[in-house]
Amino acid sequence: MSDGTPAPEYLEPAAGSPLPGEGRSRKRPLLLGGAAVAGVALVGAAAWGAWWWLADGGQAAEALPASAVGYVGLSLDPSGSQKVEALSTLRSLPAIAEELDLDGPLEDIDLKQTLGTAFLGTAPCDDLTYEEHLEPWLGDRLGVAAVPVDDQPKVVLAVETTDEDAAVEGMDALLACDDGDLGADDAEGSAYHVRDGWVVLAPDETALDAVLADLDEGTLADDEDFQRWTGEAGEPGVLTMYAAPAAADYLQDALDGFFGDLGEPVLEGSISDPVALTATTTTTASTVAATSEEPSPEEQLEEAIEAFEGAAATVRFVDGSMELEMAGGLGDSELLAAADAEDTGDASSLVTELPAGTVLAGATGLSPEGLEQLESGLGADADDMVEGLLGPLELDPVALLGDAVGLAVGPGLDVEGLVAGTTTELPVALLTTGELAAAQDVAEGLGFGLAAFLGVEPVVVGEDGRVVLGLDEAWAEEVAAADGSLGEDERFQHAVPDADDVDGLLFLDADALVDLVRGSMPEGEDDEVLDNLEPLQALGLSASTEDGTSRLVLRVTTDD
Numbered sequence: 001m002s003d004g005t006p007a008p009e010y011l012e013p014a015a016g017s018p019l020p021g022e023g024r025s026r027k028r029p030l031l032l033g034g035a036a037v038a039g040v041a042l043v044g045a046a047a048w049g050a051w052w053w054l055a056d057g058g059q060a061a062e063a064l065p066a067s068a069v070g071y072v073g074l075s076l077d078p079s080g081s082q083k084v085e086a087l088s089t090l091r092s093l094p095a096i097a098e099e100l101d102l103d104g105p106l107e108d109i110d111l112k113q114t115l116g117t118a119f120l121g122t123a124p125c126d127d128l129t130y131e132e133h134l135e136p137w138l139g140d141r142l143g144v145a146a147v148p149v150d151d152q153p154k155v156v157l158a159v160e161t162t163d164e165d166a167a168v169e170g171m172d173a174l175l176a177c178d179d180g181d182l183g184a185d186d187a188e189g190s191a192y193h194v195r196d197g198w199v200v201l202a203p204d205e206t207a208l209d210a211v212l213a214d215l216d217e218g219t220l221a222d223d224e225d226f227q228r229w230t231g232e233a234g235e236p237g238v239l240t241m242y243a244a245p246a247a248a249d250y251l252q253d254a255l256d257g258f259f260g261d262l263g264e265p266v267l268e269g270s271i272s273d274p275v276a277l278t279a280t281t282t283t284t285a286s287t288v289a290a291t292s293e294e295p296s297p298e299e300q301l302e303e304a305i306e307a308f309e310g311a312a313a314t315v316r317f318v319d320g321s322m323e324l325e326m327a328g329g330l331g332d333s334e335l336l337a338a339a340d341a342e343d344t345g346d347a348s349s350l351v352t353e354l355p356a357g358t359v360l361a362g363a364t365g366l367s368p369e370g371l372e373q374l375e376s377g378l379g380a381d382a383d384d385m386v387e388g389l390l391g392p393l394e395l396d397p398v399a400l401l402g403d404a405v406g407l408a409v410g411p412g413l414d415v416e417g418l419v420a421g422t423t424t425e426l427p428v429a430l431l432t433t434g435e436l437a438a439a440q441d442v443a444e445g446l447g448f449g450l451a452a453f454l455g456v457e458p459v460v461v462g463e464d465g466r467v468v469l470g471l472d473e474a475w476a477e478e479v480a481a482a483d484g485s486l487g488e489d490e491r492f493q494h495a496v497p498d499a500d501d502v503d504g505l506l507f508l509d510a511d512a513l514v515d516l517v518r519g520s521m522p523e524g525e526d527d528e529v530l531d532n533l534e535p536l537q538a539l540g541l542s543a544s545t546e547d548g549t550s551r552l553v554l555r556v557t558t559d560d
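Per full-length UniProt numbering, the sequence shown runs over residues 1 to 560.
Treat the hints with care, since some could be wrong.
Below are the SDA-like pairs computed for lysine to any residue, each with C-alpha atoms no more than 20 Å apart in a straight line [said to hold, decoys possible]: (1) Lys83 with Val69; (2) Lys83 with Gly70; (3) Lys83 with Gly104; (4) Lys83 with Val556; (5) Lys112 with Glu131; (6) Lys83 with Glu132; (7) Lys112 with Val69; (8) Lys83 with Thr122; (9) Lys83 with Ala66; (10) Lys83 with Asp249.
Just so you know, the hints here were simulated from the structure itself, not pulled from any lab data. Predicted model only: the values in this text are computed from it and were never measured.
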């Protein structure tokens, strides 16, 4: 494409419709080194979360092709309650509030100008201004997509424009900003195309031509998988992300490299015999897995990736908290079958019945299928591995874990002493719905090693169906009592609002954590970091699978 292409046709945007074939294109050295950077580097890392907005209307997906394997859609100027909620929450975090200058009435904050100015501040040129080079043409919506070109994903940017002529002038100035080198039309670098109210930016002419050709075949907004999973991700909020089923091909390539690098040694010997633990021979995880007749964890993961049906996520601000909701499908795979089993254990009560002062709590339900995967993942040499850790002990995972397992960390943890290895106050407990005798056997096997390394001996309390294996007797007794009120605590309810209807959950009392860390640090050390964590109240995570759809919700709450 060249500067001699016809002027664009001005058509009313139609959500989901292919863009017209006419338009104008430019090729320039790319500001800051890559098409992805032009979108991602709009603000500093601390301010990045502040521009995760989703417009009330259509998305930039209407300006990107259905062939995209990944997508992030956002808006530079949200409206309505989401803007107020987001700004209110973000202003409570000192680092972000300072970065974005979030002073004054929320309704008076011009977020687009703030972010645009921050973006230009990262450019190598000092003659670019928001008023001259961005404001005349910059619209409210933006999208970044990974689009396969010759079987390689290319990062493509779609930016809404309110004035196409001004967009050409502004983009030429931005892309020419390369350490003072204004470049020329035949210079190596990015290429962009302006039409129908959008600037489409690609790494080079070849990629741009391929993207525009794919757009003629259909837009991402019209794609059935995109519509399905963005709908499953819940109400629109401040950011939309999407991974197409075809993204699994690229993920598989990455995992092949990851598993190919495995082979870290697994120590043989017994934790009850520290000398043997550190002086015996080693084997590899791949060797252990190879001896199993059941699919290895790697094979199960590969199967799930091949069956991947797509996924999407939404970030929203609500009630003084930031929430990430994800939804996706693993198709007909063993991993999904284990997660979607109807007889998964009750993880919720393990957590909600903990003492109200619990600092960290987590639990997951287990199904027979999941336990089978656990045993097969250890391989046929599982007994040898257990013996290496616990001595000559036959471990039955079903007897030990039951159908749910959890972890609880209580107040009073001496962080400084733990790091220094001088404390014996460890209010940490493993909670299961298994058998008391099985936990006692494990405690006996672990006892010598824990006494040698930590100076404590494990204790086991409770009864069949609620067994606690802990490192502090008083805390273990509290956990085993099952008469706590954590589930009634307002911070817990705010962080994990659907705790009674999930397969797994996690809760972190951020207030208590900050107090623990601050109390264990020398005065004045890392105060800035802790001051930025201070406004956080809690973190909650929940996961569930139903009818083939897996869902995860992460919520970070603040004191406001």
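Taking the hints in turn, this is what the structure says about them:
no.: 1; hint: Lys83 with Val69; verdict: violated, 29 Å
no.: 2; hint: Lys83 with Gly70; verdict: violated, 25 Å
no.: 3; hint: Lys83 with Gly104; verdict: holds, 15 Å
no.: 4; hint: Lys83 with Val556; verdict: holds, 17 Å
no.: 5; hint: Lys112 with Glu131; verdict: holds, 11 Å
no.: 6; hint: Lys83 with Glu132; verdict: violated, 26 Å
no.: 7; hint: Lys112 with Val69; verdict: violated, 28 Å
no.: 8; hint: Lys83 with Thr122; verdict: violated, 25 Å
no.: 9; hint: Lys83 with Ala66; verdict: violated, 29 Å
no.: 10; hint: Lys83 with Asp249; verdict: violated, 37 Å
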